[in-house]
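Trainee: Listed here are the chains, written in short residue letters.
6 protein chains.
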Amino acid sequence: MKSFLLAFVLLALASSLASAFDPRPLQDFCVAIDEPKSAVFLNGKFCKDPKLAKAGDFYFSVKMPGDTNNPVAARIDFAPYGQNPPHTHPRATEILVLLEGTLLVGFVTSNPNHTLISKVLNKGDVFVFAIGLIHFQFNIGKANALAFAGLSSQNPGVITIADAVFGSNPPINPDFLAKAFQLNVKVVKDLQAKF
Amino acid sequence: MKSFLLAFVLLALASSLASAFDPRPLQDFCVAIDEPKSAVFLNGKFCKDPKLAKAGDFYFSVKMPGDTNNPVAARIDFAPYGQNPPHTHPRATEILVLLEGTLLVGFVTSNPNHTLISKVLNKGDVFVFAIGLIHFQFNIGKANALAFAGLSSQNPGVITIADAVFGSNPPINPDFLAKAFQLNVKVVKDLQAKF
Amino acid sequence: MKSFLLAFVLLALASSLASAFDPRPLQDFCVAIDEPKSAVFLNGKFCKDPKLAKAGDFYFSVKMPGDTNNPVAARIDFAPYGQNPPHTHPRATEILVLLEGTLLVGFVTSNPNHTLISKVLNKGDVFVFAIGLIHFQFNIGKANALAFAGLSSQNPGVITIADAVFGSNPPINPDFLAKAFQLNVKVVKDLQAKF
Amino acid sequence: MKSFLLAFVLLALASSLASAFDPRPLQDFCVAIDEPKSAVFLNGKFCKDPKLAKAGDFYFSVKMPGDTNNPVAARIDFAPYGQNPPHTHPRATEILVLLEGTLLVGFVTSNPNHTLISKVLNKGDVFVFAIGLIHFQFNIGKANALAFAGLSSQNPGVITIADAVFGSNPPINPDFLAKAFQLNVKVVKDLQAKF
Amino acid sequence: MKSFLLAFVLLALASSLASAFDPRPLQDFCVAIDEPKSAVFLNGKFCKDPKLAKAGDFYFSVKMPGDTNNPVAARIDFAPYGQNPPHTHPRATEILVLLEGTLLVGFVTSNPNHTLISKVLNKGDVFVFAIGLIHFQFNIGKANALAFAGLSSQNPGVITIADAVFGSNPPINPDFLAKAFQLNVKVVKDLQAKF
Amino acid sequence: MKSFLLAFVLLALASSLASAFDPRPLQDFCVAIDEPKSAVFLNGKFCKDPKLAKAGDFYFSVKMPGDTNNPVAARIDFAPYGQNPPHTHPRATEILVLLEGTLLVGFVTSNPNHTLISKVLNKGDVFVFAIGLIHFQFNIGKANALAFAGLSSQNPGVITIADAVFGSNPPINPDFLAKAFQLNVKVVKDLQAKF
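Residue numbers (my numbering), protein chains in the order written: chain A, 11 to 205; chain B, 11 to 205; chain C, 11 to 205; chain D, 11 to 205; chain E, 11 to 205; chain F, 11 to 205.
One or more hints might be untrue.
Each pair may be met inside one copy or between any two copies, as identical chains are not told apart.
Unchecked claim - Straight-line distance between alpha carbons at most 27 Å, and here's what the computed BS3-like set of lysine-lysine pairs gives:
(1) K189 - K199
(2) K129 - K152
(3) K64 - K129
(4) K61 - K199
(5) K61 - K189
(6) K133 - K152
No lab work stands behind these hints, which were simulated from the structure alone.
Starting from the given sequences, assemble the full structure and let the hints guide the process.
Mentor: Take a look at the structure:
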């Protein structure tokens, strides 16, 4: 379903885009490191010794090869007609800078209006998607598109709507979903088989 | 689509369930009032003169007649097989206390696992739905169900998934949605006509 | 002094009623676990591996047997004329849902007014006590009363006024207390012996 | 009851001791002003035009004559054996600098320990009282004492325990209080008449 | 002194890069508007009626003509060898995306180390400057450079070090500055005349 | 350069002056302790077992011998004409209580005004320096001066302007600095050699 290449590059700039959800900084910066003791889960990450910080810890390049581990900053490649399907970030606002190509982007406001606010972006354009709202990006050009996305939390979270609703594990009761989406139960079961 | 009666009762306890998104209290409490000058939108509400606060400002009853204006506390009535379809609250965690009946409730975790965490609730049971996650309630009994829901923000927001995706105004590009949901374009257009 | 049965049930829903005092969530949820290394005290708790979360971690029932370890959610049983004496929660707002019986509840505002805001609650009523204010509950009926209380912090704290003032360890200077409470020194010493 | 002179001096340094409860600053500083439209209550104060700020807005002197309007900074004068009776600040931590004299100060930790942590302070000593805990100051010397107190919120609030419990308006049910404080009902009614 | 063209473009995306210093959102978004009543200063801005929000409110383009009023997002043009001199943002972290040219960028950590962390950036590179630290950008190429800068607060503030120290109004005591900067008093007075 | 004696005294009152940058308290108080495992850096400190807290943990005296480890509270001694040169605290507001002597203190507001707000303080005077702004203290009397300074964060940070700009390691490009400060390159290189 995702025809775009999502290239998350590891940037240890954990608190660099300080978010309303992140712990407040108590140091000049916190370069996040992965805590080796995997049995223990903290609310947040451990920081590198600040004296060992290097310029590379604050740096990211859209020219770097892809790496899928970084939630804060991302290079997103879109093949022609590729899409980043409807999704939300429960803990972050997103800022998207389009470096190449043409994208149709948009988000839908909450109940009761469900207003779609969308725009066609070209090179050099910047767009902002507010925290928690359903949004998407769609390459409507014949060429590749390349964007930089920054997210305002150390752990923004992603909920891809179609996957979460029709692809949960275990599946949601299909009769319930059929009613909620006004679809035939058979169609819902087919979707649950695909996702 | 919503077979349940959603009875939001006006409770002027704006900051009573202080949330991470609400302004910090600077008074013993802030009993929200609607600011008459409708052309001006503040981030938050004005407060009643604290000296005029009454017990009724801190009180809510599931026996009260419905009122659709209060986002913080709600009585929810479910007809047999009625449902509260998949939705998220972008700015609040929800706590649900079941007073009568039997409900199947659940939520789906974020990418990449999409784990469905669900439970059948009976009278006296309490369940918590974390901020920003897709969740639902479904009356699986033959009798009515009655619940009290508290939300952790003065303005939690509600995004009903099916409405936001297929019922936005203007509609989202149906070719885009067909691909994202792996549905036939005709089915998407039918859904967009219904929602 | 406490004639009511205070049944705190362990609900590992640490961040479920996210409070202004709790660290911001960086995960979908944090199911608190007790860190085994007792010599180290963190500001907050460690979280369970989110992949191991179960529905029971988000669930609480007033039908469950009592458990005294959970500060976030509680079943409170009141014998006839039983009371929850004047106390404050320095780090949480409290929401009380009355499931059975009749309670007189109230709180006092801060200086200089000291207004008592109180109300008689019946089954299905909900009342809110703002953070840091002195409040109480009193069963004024001849039958038992049963309530569910939710608190807006992972560690709300409780300060029972009479215990803290007259039962501290070591005791506060009785001459000082006699003057502050306008009581005879002998009465103060008697109270300090009782608490 | 209060034999000390409490001299609160108006210091328009509203957000200068930024607290966890205060709105975040969006300017270099916010010199609070009183909003003339008394019918409207905001959560926080309006700020003076920053261009009009003067050094006096950031300045306070223990030599200044008393003024009872400022909640953030205070000069406190204690007559011999004068006291600041047990009280809490629901929205602020307090830092006290003793400039002259000798004070016995202390606070009591929350349930279940109720540990009294107290100390005799002399000139040049500084003591900190954590937010929400019951604390007091008592001049145990034969000379006057003079202290400077800073509070960590624009509106810290003060709850004088004896006044709030026995002097509320309307009064709390005396039977209830008698039981809670293990006092004779007649003693409670006498106290309620005095406070 | 500033050879670069600083083109701040009005982007009414006030809370889009939600910062630790900004008030928490209580709406899907707050499109800031300038409140006409200039005599009143709030901590934060008023929001546009959300129903009137348009895509342009979330959009910014580096191709747009310069506008000096927007503190949140900026296009920065650097002439060859142009510079953005040492400065701090007291209320924001900055993220810089280089769209054209070559820049030397850097920041200095706090006492006692004063480590300079710097890097030469090329097209497509991104760098982060942590809140409150002294940082700078310098065009070291022979061509123009073009960057997009995002700041994590609605009102980040800028303190240009040389201007603030030597160009304050009224001037700081030159003897004091001479000692602090180990410069001759005459040199300090010359600087104060220039800035 | 610093002719004053900076006597930071270890006061383990980590969160006592709760700041907007500090983690929210989840206990009555957090008496910070140094975590022995030096390879791991947390955002914040570990707390002492609250049951072991003693009065000394909340106490500080300007009579105590100097100790350079405590960032929250400080005794500052100024020799005649001694100075605390221009500096900022990126994570704290500072409150200064003058106990002896005469100081000229001041701070400069941010761009574009750079207003110097300064005042001569005498014994008993208190002054507040807002977070992130450049400020200084200068003993303009012939006698020693003695002050108590409290800072609103567990780790406020200090950036001494002259040291950070001219004494960074490695040094900032002198041509760049010469232009930014409108100084001769030779003068800049001399300064870089001194700092």
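Trainee: Now tell me if each hint is right for this structure.
Mentor: Against the structure, the hints:
In this assembly of identical chains, K189 and K199 lie within 27 Å of each other by CA distance both inside one copy and across copies; the values are 13 Å within and 17 Å between. With identical chains, the CA atoms of K129 and K152 are at most 27 Å apart within one copy only, with a shortest distance of 18 Å there and 36 Å across copies. Proximity of K64 to K129 under the C-alpha cut-off of 27 Å is restricted to the inter-copy arrangement: shortest distance 10 Å between copies versus 38 Å within a copy. Within a single copy, K61 and K199 get their C-alpha atoms only as close as 55 Å, which misses the 27 Å cut-off; across copies the closest is 25 Å, which meets it.
For a Cα distance limit of 27 Å, the shortest separation of K61 from K189 qualifies neither inside one copy, at 58 Å, nor across copies, at 29 Å. Proximity of K133 and K152 under a CA criterion of 27 Å is satisfied in both settings, with 14 Å inside one chain copy and 24 Å between copies.
Comparing the model with each numbered hint stated earlier shows that hint 5 is the single one that does not hold.
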